[in-house]
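Participant: Read off the chains here:
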Amino acid sequence: MVEAVRGRLRFMLGVFGVLTGLIIIRLVSLQFGSAVVFFEKQYQQATSYRVEIPSPRGRIFDRNGDLLATNGVQYAVGISPSLVTDADELAQTLQSVLGVDAAEVHTLMAQRDNDGNVLKYVLVRQPVPAELGDKLLAMKDDPNGPALGGLVVEPLQTRVYPANKLAAHVLGFVGYDNKGYYGVEEFYNEILAGHSVVGIKQVVPFDVALNPSPDHGADLYLTLDRDIQFLAEQTLANAVQRYGAEGGAIIVMEPKTGRILAMAANPAFDPNNFLNEPDASRSNAAISAQFEPGSGFKVLTMAAALQSGTVTPDSTYLDTGYIEVGGVGITNWNGAAWGPQDMTGLLQHSLNVGAAWLSTKMGPQSFYSYLSAFGIGQATNIDLSGEATGRVKRPGDPDWYESDLGTNAFGQGVATTPIQLLTAVSAVANGGAMMQPHLLEKVVDEDVAHATQPQVLGRPISGEVANALSAMLAVSVEREASAALLPGYRLAGKTGTAQIPIPGGYDKVKTITTFVGWGPIDDPKFIVLVKLDKPGASIWGSETAAPTFGELARRLVVLMEIPPDEVRGQLATSGQ
Amino acid sequence: MQTFAQFRYTEITRAFKQAPWRVQTQVIATLAALAVVIVALGGMYLAEASRAATAGRDVQFLQAQKAALNFAIDRQEADLAAAKSLTRLEGRARELGYVPAQPEHMEFLAVKGYPGSQSEAVAPANEVEVLDYNETLGTALAHWLSVVIRPGG
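Here the protein sequences come in this chain order: U and V. First residue of the first sequence? That's 1 in my numbering, and the numbers climb one at a time after it. First residue of the second sequence? That's 1001 in my numbering, and the numbers climb one at a time after it.
No wet-lab data here; the hints were simulated from the structure. Among the hints, erroneous ones may be present.
Mimicking DSS-like on lysine-lysine, the simulated pairs with C-alpha atoms at most 25 Å apart in a straight line are [said to hold, decoys possible]:
hint: 1; chain 1: V; residue 1: K1066; chain 2: U; residue 2: K140
hint: 2; chain 1: V; residue 1: K1112; chain 2: U; residue 2: K525
hint: 3; chain 1: U; residue 1: K140; chain 2: U; residue 2: K41
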């Protein structure tokens, strides 16, 4: 009887044991996955690893399809110490090819992790130029070459700017993290970069599977014209040298469309070698350098005065050489009184007293409203990274004084950027319409092109006022800035000589000189801003920036194939 | 008394029972057959695995070759662009005695039927209202009240 009971108990124990085992197996399975999955995972981990497959970055072209930025290859050279076959030979080879000290290579190979294990990989040099990387790869593959077991030569996708410094400030550069910095590289990084994908790299050959392809970045075509850009950069470099300036900027724009044909800044930098360039040289002075524009600003003051009906081109005033605004005395650039002057004379002689007379006659509300309409103190939103906004103090601001109304009229006490000033003045050149300055012509993704359309940014003045002011400025250039003239072409423009604010006042010696000019005035094809920082040869815009404009314009009409006015007239009358 | 048939059965059974080599032969034959099947299957598996591994190696090699070719294309494209760079072209042109063209060197000819550069479409102009900043707190409040409290509303 007892035996029978014991037998039953053993049976029940067995049954419960089996059930418990099943439950444990199920729990383990739920926690860690089934044995099949577990071993599959172990196998995958042992035989494969995840790799990021980078997306080739989109290229950048100028408007004629000339390549400005593309991709290249450099290498990362490293060592897998556990796979090294001949440490001495490897160290000697790296020393001879890369110039790395052999002792340093030995030190790297001897490095250990926290647990005292030999490292799986140590980096020796990055980036290594393509030629040297190729040489190492060839030596490694050569059966008669040195024993280079354990040497790892991995390609790195890098950005190449074939024209080196050309348009560097517009383009920006790409870091080793494949991110764009400055210029269009940063502004359009999302479009250019594409999207990398994660793939699986198999160690066991028969498990190899095709990985997904990364989403390529799209190609950009800019409005820049490589020839005009080259001309602008050469002209600027020559001017900086000739006039002993510290730097400068030149922008060439189509006033009718807002397309930027060239944008040069000096000092330049080489984006292929960005790590060794000073930080200051990387920023684009044409969009980020804020300065007091000086007399070039009188164009806007006059435009506002004409548009508001405060004066007409024939209005006159008596220039006594002095005007007091808000308790501050304002004099002309030479301290002289110029007597009775019409509005063309005011611009021609660049009279501060006349400009202050205009702004006070308009009143602060009207004057500052027009400045806002011209976009002064606001970013133009050009498609470049790093644009500054400039600043205009307005009535009601804690640091605005009544005297600002007088000084702002001739470009003092107001901060603009070159692109902002150019965009504002382009309204005068373009019949009153201010176009959105832009650099992107089209995006080409695979075989599909998305073109941009020029857009009107604003219309601060009427066509009549713009045409009248253009004619006044053409006369002004003919009389005031003859160095900017171009025989056969009627051009309009205005010089600027701006004092540089320093703590406690203005620099007594150094200035920033500018010239904004456009032409031909009856059918403007270009508008150019020249800015020179602290020229040593002369402090005056008429003697530095204006001749630089003239030099540029001479070649510009050739590159843009603009016939002289007389020829254009003949073509027009002959119906061509 | 055994019949002849019973006798034969007994004798044959005994003969076989007494001949263990026959049993061993059968076992060996069976095992040999199994071994042949296993070897055949193993051989086929190895052949397939080897073929798959070769194909895998080929894929890896081609992938590496594709990457190398893409790099080579990029490099050649950059080299070509560098060779066509304006700095180089200008230097070469100057060496050959060319000078930059000036306006006086240009001659424009009227070509019958050639339309010349055409003006292009521009996005419609937005008339920008020039605002007068003459609004005071009082006028702003009055405007707000006129919107909120509509007459007869």
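Participant: Against which earlier hints does the structure fall short, listed by number upward?
Facilitator: Number 3 only.
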